[in-house]
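Student: Residues per chain, in single letters:
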Amino acid sequence: MSMYGHVFVKNNQYKFKGQFHHLTPNTPIRNADDGWKLLGVTNPRDMTYIHSYGGEAIFFESLSQGKLLGTRCDNAGCASKGTVYIPFRTHCPDCLGKNTVIDLTDTAKKTAHVHTFMVCARSGAFNVLDKPIKFINIEFDGVQTILMSYLSLGEPAFGMKVVPIFKTGSPTFTILDLSWVPEGTTQAQLPEGFSF
Amino acid sequence: MITFSKQQLKIPKLQRPVYLVTAGQSKFDRAFPDKRTEELCIDAFTMAASLLDISPAELKRYIHTCYYGHFADHFGDQLLGESVIHDRLGLDPLGNVGVKTGGATGGSTLWEGVKAVASGYSDCALVMGWERMDEVPTDEGNFLISCAADKDWESPLGHIYTGYYAVMAQRYWQIFGKAEDSFRKTLAEIAVKHHGYARFNPFAHSPMKITVDDVLNSPVVAYPLRALDCCLMSVGAACTILCDEDTAFKLTKNSKNKPLRIWVAAGSHTLRPADRLHMDIPLLPHETADQYKDLGERFPGGERYPGFTGFLAARMAAYYSYGMAGITNPLEDLDVIELHDAFTISDVQTYEDVGLRPYGYGRDYVESGDCYHTNPHTGKPGKLPSNLSGGLIGCMHAVGATGIMQTLEVATHLWNRWAEIHGDEKRWKDFNREKPQDWTDLQVKGAKRGMAISHAGVGSHVTSTILMDPDHLIKKDA
Numbered sequence: 001m002s003m004y005g006h007v008f009v010k011n012n013q014y015k016f017k018g019q020f021h022h023l024t025p026n027t028p029i030r031n032a033d034d035g036w037k038l039l040g041v042t043n044p045r046d047m048t049y050i051h052s053y054g055g056e057a058i059f060f061e062s063l064s065q066g067k068l069l070g071t072r073c074d075n076a077g078c079a080s081k082g083t084v085y086i087p088f089r090t091h092c093p094d095c096l097g098k099n100t101v102i103d104l105t106d107t108a109k110k111t112a113h114v115h116t117f118m119v120c121a122r123s124g125a126f127n128v129l130d131k132p133i134k135f136i137n138i139e140f141d142g143v144q145t146i147l148m149s150y151l152s153l154g155e156p157a158f159g160m161k162v163v164p165i166f167k168t169g170s171p172t173f174t175i176l177d178l179s180w181v182p183e184g185t186t187q188a189q190l191p192e193g194f195s196f
Numbered sequence: 001m002i003t004f005s006k007q008q009l010k011i012p013k014l015q016r017p018v019y020l021v022t023a024g025q026s027k028f029d030r031a032f033p034d035k036r037t038e039e040l041c042i043d044a045f046t047m048a049a050s051l052l053d054i055s056p057a058e059l060k061r062y063i064h065t066c067y068y069g070h071f072a073d074h075f076g077d078q079l080l081g082e083s084v085i086h087d088r089l090g091l092d093p094l095g096n097v098g099v100k101t102g103g104a105t106g107g108s109t110l111w112e113g114v115k116a117v118a119s120g121y122s123d124c125a126l127v128m129g130w131e132r133m134d135e136v137p138t139d140e141g142n143f144l145i146s147c148a149a150d151k152d153w154e155s156p157l158g159h160i161y162t163g164y165y166a167v168m169a170q171r172y173w174q175i176f177g178k179a180e181d182s183f184r185k186t187l188a189e190i191a192v193k194h195h196g197y198a199r200f201n202p203f204a205h206s207p208m209k210i211t212v213d214d215v216l217n218s219p220v221v222a223y224p225l226r227a228l229d230c231c232l233m234s235v236g237a238a239c240t241i242l243c244d245e246d247t248a249f250k251l252t253k254n255s256k257n258k259p260l261r262i263w264v265a266a267g268s269h270t271l272r273p274a275d276r277l278h279m280d281i282p283l284l285p286h287e288t289a290d291q292y293k294d295l296g297e298r299f300p301g302g303e304r305y306p307g308f309t310g311f312l313a314a315r316m317a318a319y320y321s322y323g324m325a326g327i328t329n330p331l332e333d334l335d336v337i338e339l340h341d342a343f344t345i346s347d348v349q350t351y352e353d354v355g356l357r358p359y360g361y362g363r364d365y366v367e368s369g370d371c372y373h374t375n376p377h378t379g380k381p382g383k384l385p386s387n388l389s390g391g392l393i394g395c396m397h398a399v400g401a402t403g404i405m406q407t408l409e410v411a412t413h414l415w416n417r418w419a420e421i422h423g424d425e426k427r428w429k430d431f432n433r434e435k436p437q438d439w440t441d442l443q444v445k446g447a448k449r450g451m452a453i454s455h456a457g458v459g460s461h462v463t464s465t466i467l468m469d470p471d472h473l474i475k476k477d478a
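Protein chains in written order, with the working numbering: chain C, 1 to 196; chain L, 1 to 478.
Honestly, I wouldn't trust all of these hints.
Simulated pairs of lysine-lysine, DSSO-like, Cα-Cα distance not exceeding 27 Å [stated by the list, open to error]:
#1 C:K10 to L:K151
#2 C:K161 to L:K178
#3 L:K445 to L:K426
#4 L:K6 to L:K60
#5 C:K131 to C:K98
#6 L:K475 to L:K13
#7 C:K17 to L:K13
#8 C:K67 to C:K110
#9 L:K475 to L:K256
#10 L:K151 to L:K10
#11 L:K178 to C:K15
#12 L:K380 to L:K10
#13 L:K445 to C:K37
#14 L:K476 to C:K98
#15 L:K475 to L:K253
#16 L:K115 to L:K426
#17 C:K37 to L:K35
#18 L:K151 to C:K109
#19 L:K178 to L:K293
#20 C:K67 to L:K151
#21 L:K6 to L:K256
#22 L:K6 to C:K81
#23 L:K250 to L:K13
#24 L:K258 to L:K13
#25 C:K131 to L:K435
#26 L:K383 to L:K476
#27 L:K115 to L:K258
These aren't lab readings, by the way, just hints derived from the structure by calculation. Just so you know, these numbers come straight off a predicted model, no measurement behind them.
Isolated chain L (complex conformation) (with noise of 0.2 Å):
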């Protein structure tokens, strides 16, 4: 039984206000065989410089720490691959760290980034992160990847990452999905939304129009997950800019970017699942003890938390970042959404976990259109839309990018110009990609708040990060 004391309860506080002033990425695909993970790295920097309406080597000049995002260094086979990208972006002799979490790293370089300048140590900090997973073969990807399980007591056993995963689906699947093909159905919706938003999206890997019955009739991987169901492989980078409130003002006075206040969160739990012990759920604000009391009767063999089918993780960032950021129900307090969807199923476990719904009740997210930019039953704008760049599954999953990807979609949102940086026909032109007849501006009208959810492994790192209109904050002194 785990149990938390106060002190590891208490809610983070920050020690001065932190700003996103700016956000790059770069096309995102399987494999980029004409460029170099630094050249990626450059476009991402140059698009954040361009968001700002000012020069590269502008930009450059107001940086003062740097957080690089970079997760499998055996893929790229470049140790202190930090070192390179911070020499070829120019910003030698300033001081930086590489930060590795997994499917996390993005949003924990985030969460090193936001501390750098809450602390004061930085008045502007860069954040970047990149993968490079097309250098080997995709079964010595796969190899590679499982790598990131204990390597004594579980990559042994098949070198598949997504079995370990699977295991936990399975038991989700069978609990509180009930083995129904109403809920299956519901899983393959995610991926016909996720790849259909990604039609939408230059920068997205896998953009495709797909029907449910595709999703079904894809190649099983782990049953009941098949291929259309997972996430991508990518290659790509993406970087953002945090600031202090003097240099956000500064930096963003000629441009249409709002500066956004932004908080990150973390939590963590086992590497291996095997090890997971039995507690109480821990709650986030608009949940009672009350409601899971019975949980195990409603859903038989549903009584074990965090079991195989919550990720503890999530939670604890949520909790924390709910606290910093003033959020006491995250379906009413937030507008915009960007989850980590290594899987369809994985998609709906972090719904609970996260509190968007009770847990036992996550595909109810996805059924009630609430999910949706346009919910598909009212034709009226979705209640909380999520992965509208098309995610993981749609957009791209270049791990040490991704989380960062994601909170720059959030802030397209919030900028209110998610049409401008997505529909425009250069940029489709100049990744050599066909922007379909039918786009659609998925811009989330009146946005003011986000969040992005970063996410490692089975579960062992989570991050959370809180994106919001300055002028529309929850809590005064967050």
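Pulled out of the complex, with its shape left as it was, chain C reads as follows (with noise of 0.2 Å):
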């Protein structure tokens, strides 16, 4: 049986594979300066959450195969029309309206630039990033939001021109499989799985 939990969907039902959870025992938890009297209990747990993208999944997809994919409302009765969203939304947050896909690849590599940015020195328990991790917030023109990512070389500043990179060898079907470079940067440079 393989240590990782796999799930495929049939018939539009969840199909498990493997092992889902791994038993770890509980230990007491004891007061060192009180004689060593019972205070609790440890509870460890191992779970894998099933999560589904619904109508982001093609967003997702898309950033594997080297394209930025985000949404515009076209509906002509709507006082948001033309408006261009990424973060992707399926909807129109408006009418609520279902927005066009649009390809918005070009539009990243050619105008994406920092609005602002933050170098963390700390990270959360289950991060995969190298620390520190450079958070940017990104501009582009035509678009009236401000995407979060990170950015994989140099050190980020306020209009800095940056393009956006995908890690299509073995990608993780995350929003960490879209990164950013500096403009300029060549393919040898990218880290390892990274295309343009």
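Hints in hand, dock the two standalone chains.
Tutor: Shown next, in the form of structure tokens:
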């Protein structure tokens, strides 16, 4: 049996393969300052969530293919018609009509620049990014939102021109498959598995 | 571009006056290995009863419904924790409901309690909040907190909420702070002030006598924010009792607590800062559109509102609550406030959102000395002291309890009981804490009106709670 649990969908039902949780015993918590009296107990637990991307799945799949997708409201009767969203929104927050999926890869390559940033020395448990993590928030021409992501090379600065890179080799199918590098970076400089 | 309809901008109106009659809280600390959450809630409830000079059992007889604020089920690994607390408080079979809005949970729970009494559903409601943040290691705690960001688009980026917040701080620091050393020093002074005021508060988790240099030399968490710029991760509980007029006067007739009028209003904004769309600045009663016309010229890059530098939810909560209570200028109309100082820089941002200073000039509230109990420049009382409890940086951030703790702290000033409650030798001893030799009475003399701001996430939910002495209302029909 596999060490890791895998899930697929067949006939609109989740199907499970492999091991989904690993049992670890409880241990007592005792007070070293008071005769090792019992205070509590540990409750270790290892679980796997099964999460649907729903209508956003196409966005995450496209990252692995080197494409950055956004959406746009094309409802002629909506006051927000023409508004472009990334993060990807399946529906317009104004009219709640279904948005049109659009390819923003070229727009990102030509116009992306850093709106704000943060170099973060710490992380929470289960983080897989190298520290310090360089958070950047990116503006694009013609896009009304400001996407949060991370810079893989160089030091971030306000207004800095950046270009998207995609983890097309061994993708994780998460937002971590999208990263950014300073304009002018070459393919040889990219982290393993990433391409323009 | 976001616009609001007339209906959406309607000032809320309570159907009858609501009064806060008492409040209580537990000790706050990083961990309580020897206490269950329900024991902390019982401590808070017992204190609330004692301030009315009645027994907990007697107080319980008045309660009709209960509103419980508890943000993170996964921290305590207990779903329906509200039911556990409700049972241990012996309040079955009364109706109760859990409320969760991140860091604003305490304020939102008060919001629900106020509406229950105002509508006539209940004449007396319990509002109780708590958080248990010591049942996982700190890095797992940071992971759990990061789950309050968007799970697909943000959380995988380091699983560190401070980072999601700090990109906004960076923008404010560069645009409105102009990355000046003097601005950084002002931020540090907020941390010195809040840890310092916490020294006089026996409930506080992190009392510290520190200097600006200590803050500036503390480890970087997310530049320019350092460890001493950040709020605490605490455990504890707090509660209030809300009543209609008849019940309020009955319950307080033999106590030093005067029933206080209470209003709570709420605002919201996107969970992801990425989704913030541009809009005109919603104006508070003492502001004009003209004053913001050239904001982008005075602060290049600051023309986009709310961008990453303003909290629209805080602005809207202030807008609604000021309208409800008749406040036209918070700096003039209020006597004491408690703000949600998650970080020193967000404290400054909030000064602007709630109108203590115009957008771009929040730092002046600190630099002028207005925010202190005693203005360090003049030696006279500060114009509008803030966070005399120590706030989230010095007192506590036990998430579900925070907004309620803030409200309690404001109430103690309006009751003129701050010194009695915070200076009580027995309380210091019971909490196994040493009362400082230089303990100082921070009672705001003659305080009649106050406000508490409760804030979630990167500004997803914010509530504004206004308390007033009923003999000092601004709007008679409020």
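Student: Each hint should be assessed against the structure and marked as holding or not.
Tutor: Here is how each hint holds up against the structure:
1. C:K10 to L:K151: holds, 25 Å
2. C:K161 to L:K178: holds, 21 Å
3. L:K445 to L:K426: With a Cα-Cα distance of about 24 Å, the restraint between L:K445 and L:K426 holds, given a limit of 27 Å.
4. L:K6 to L:K60: Measuring from Cα to Cα gives roughly 42 Å; hence the hint is violated.
5. C:K131 to C:K98: The hint is violated at about 39 Å.
6. L:K475 to L:K13: holds, 12 Å
7. C:K17 to L:K13: With Cα atoms ~57 Å apart, C:K17 and L:K13 exceed 27 Å; violated.
8. C:K67 to C:K110: At roughly 14 Å apart (the allowed maximum being 27 Å), C:K110 and C:K67 satisfy the hint.
9. L:K475 to L:K256: Holds, at about 25 Å.
10. L:K151 to L:K10: violated, 34 Å
11. L:K178 to C:K15: violated, 55 Å
12. L:K380 to L:K10: Violated. L:K380 to L:K10 sits at ~39 Å, over the 27 Å cutoff.
13. L:K445 to C:K37: violated, 48 Å
14. L:K476 to C:K98: Given that 27 Å is the threshold and the Cα spacing comes to 48 Å, the pair is violated.
15. L:K475 to L:K253: holds, 25 Å
16. L:K115 to L:K426: At roughly 36 Å apart (the allowed maximum being 27 Å), L:K426 and L:K115 break the hint.
17. C:K37 to L:K35: Answer holds: C:K37 to L:K35 is near 14 Å, not above 27 Å.
18. L:K151 to C:K109: holds, 26 Å
19. L:K178 to L:K293: Holds - the C-alpha atoms of L:K293 and L:K178 are around 19 Å apart, at most 27 Å.
20. C:K67 to L:K151: Distance ~21 Å between C:K67 and L:K151 Cα, so the pair holds.
21. L:K6 to L:K256: Outside the cut-off at roughly 43 Å; violated.
22. L:K6 to C:K81: holds, 22 Å
23. L:K250 to L:K13: Given that 27 Å is the threshold and the Cα spacing comes to 25 Å, the pair holds.
24. L:K258 to L:K13: holds, 23 Å
25. C:K131 to L:K435: Since the Cα atoms of C:K131 and L:K435 sit roughly 41 Å apart, the hinted pair is violated (cutoff 27 Å).
26. L:K383 to L:K476: Within the cut-off at roughly 25 Å; holds.
27. L:K115 to L:K258: holds, 21 Å
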